[in-house]
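Novice: Below are the chains, spelled out letter by letter.
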Amino acid sequence: MLKIDNLTKRFGGLAAVNNVSIEFEANKINAIIGPNGAGKSTFFNLVAGAMPPTEGRIEYQGMDITGMACDRIARLGIARTFQTTNLFEESTVLDNLIVGHRLRTQSRLWDVIINSKRLRDEEKKCRARAQEVLDFVGLSHIGHRITADISQEEKKRVAFALALATDPELVLLDEPAGGINPEETENLAGLIRKMVEHGVTVCLIEHKMDMIMSLADKIMVLDHGEKIAEGTPDEIRNNPVVIEAYLGSDDDAAA
Amino acid sequence: MNALQKISDFFMTPAMKILLILAAVLFPFVASNEYQIYVMALAFVWAIAVYGMNIITGLCGQLNLAHGGFFAIGAYTLSILAVDHGWGFWWAFLAAGGAGALLGFLAGVVSLRLKEHYFAIFTLCVGFIIYLLIDKWEALTHGALGIIDIPAPNGFGLVDFTQTTPFYYLALTFMVLSIWLAARIANSLLGRSFRAIRISDDLAESLGINLMRNKVLAFVLSTTYASVAGALYAGLVRFIGPAEAEVVHTFDMITYLLVGGIGTLMGPLIGTMAITWLTQSLQFLEEYRMIVFGPMLVVLVIFFPRGVVGSFLTWRGRRLAAAQDAQAESAAKKKPKANNTVNSSAREAGNHA
Ligand SMILES: Nc1ncnc2c1ncn2[C@@H]1O[C@H](COP(=O)(O)OP(=O)(O)OP(=O)(O)O)[C@@H](O)[C@H]1O
Ligand SMILES: [Mg+2]
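Those protein sequences? They're chains A and B, same order as listed. This note's numbering numbers the first residue of the first sequence as 1 and each following residue consecutively. This note's numbering numbers the first residue of the second sequence as 1001 and each following residue consecutively.
Simulated from the structure, these hints should not be mistaken for laboratory data. Being a predicted model, the structure only gives us computed values, none of them experimental. Just so it is clear, CB atoms sit at the ideal spot from N, CA and C, and this is done for glycine as well. There is no bait here: all hints are sound.
Derived DSS-like pairs (lysine-lysine); straight-line CA-CA distance at most 30 Å: (1) Lys124(A) / Lys1017(B); (2) Lys155(A) / Lys194(A); (3) Lys125(A) / Lys1017(B); (4) Lys1006(B) / Lys1334(B); (5) Lys1017(B) / Lys1006(B); (6) Lys1333(B) / Lys155(A); (7) Lys1115(B) / Lys155(A); (8) Lys125(A) / Lys155(A); (9) Lys208(A) / Lys28(A); (10) Lys208(A) / Lys3(A); (11) Lys28(A) / Lys155(A); (12) Lys155(A) / Lys218(A); (13) Lys194(A) / Lys125(A); (14) Lys117(A) / Lys1017(B); (15) Lys218(A) / Lys208(A).
Listed next, with one range per pair, are the computed distances between beta-carbon atoms: (16) Leu76(A) / Lys1006(B): 49 to 57 Å; (17) Ala1332(B) / Gln106(A): 38 to 46 Å; (18) Gln106(A) / Glu1116(B): 27 to 35 Å; (19) Gly178(A) / Trp1137(B): 52 to 60 Å; (20) Arg10(A) / Phe1251(B): 38 to 46 Å; (21) Arg10(A) / Leu1020(B): 53 to 61 Å.
Can you build the whole structure from these sequences, using the hints too?
Specialist: Right, here's the structure in full:
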């Protein structure tokens, strides 16, 4: 599904992502772990097209998407959530989600001026899709709330829903369980599994090891921009290089 | 349902819109003198420009400080064509709108490459360049002398727009049209794309929204609004000078937006009206006006950062949500069994959701 070859991103002298090659399979949960500043978010930014790589190649479903614009990549079916959730706080939850399906519509300014049938149909379609993804993430009972008033975990779910509204095949989740409690983390893991059951491939960055170990099919470990290991949770758990990196960086290991 | 809620519900009905339009139509009959009608017509003209600013700054989140410059471009295009080249008012008016759109497109394509405050600073410079061109390019703009004897809109022998009251109705018509279009845009998928950009460029892009195309479109819409307003202004005041392009007008419009409610539909109108009439009523204070006015503005921005309309909408949204929650709860109480299944299925959805 996603094939990365020798991917490198340099910021000045710093190689945030350094010569990383990996392959992610469809319909699996792939995790990326690593200490703070390891280059995980940068890796996502490259895959999603938010920034061009310095070197290397990204292949998605057999298509070379290296350096392609972010919005085009989104239309090809790669969606993402961000490390910090940002939503339209003053609007209702449902209102936030309607724009998620915009990329599957065609209406332009002219349709807006004459209020064309195409626009009305597409608006209906977007609204229906918003309701659908809201149901999917289990929040249909709070669709009418002002977004500022819902809990952190609910906001994470809304962010998932927004990504799902784009009809993605691959979803990149950047620390979805950041800042929420263990029970909520458990629920969120359930939601991630449900996404995969519905045919979405997931790639996630997470610091919470319990969650990763029970959830992931495949794990890639980044450290200082380099891939130091990849494998199943068991392989990673017992990999001396990984243990070294985590002990060396004195955080995250406990999490 | 208490009285407050009833009133707030009424604000959102079509009847309220009709009432507002009716009040505006009747205003010339109740105004105590012609000057008041003139001030109101002028406020309508400014409100059109503020609606334009609301598209790029309110909906799309890009602080455009060249807005006053595009107002002046509209005023000057109309005046130069009508006075120096003998164009009929309405042809010159169309050209003014076109000039605003075209120059807005060129300025937008360049300046929207920059983000956030860099964009704001760049547009401040664009606005200043427009001012300098108007002030110094005497062959085209008459320089500091300004342009006089600008014709009033052609009434085709039916109405005389040199008179204040007919012009008032003309300005009202244009303003209502502007609000209508702004509402169409704001409530459509296009407006939603703009608002996604306002949340964050990164988020919008990740949702497949082409940043440049949408930002340029919002920018062109806003400069078109500004230049149409500028052209109407020239037709009302009938004398313009380089002062029209001074940046202070842009900051005035930002004030209107902030007071009324940035990004809201009725905010630009309410802000423009409120400040216009407040300024009028504080006129006796002359230059000390700002001593009263400044603190009022500060208090407003601190306590109502989303302006009058924005604060109202949030308040109302919360009430509606609370009412809906209460309703769901009482419905659940009536049917305890149904409640259980609903709750457990909701919980289930939450769990393996
Ligand atoms: N746009 C940028 N410009 C310059 N340096 C950057 C940029 N983005 C990231 N970096 C640097 O690249 C390195 C990797 O950052 P990145 O955000 O990818 O880490 P991360 O693994 O996601 O960390 P965390 O776990 O804290 O989120 C860091 O040293 C960071 O300072
Ligand atoms: Mg990160």
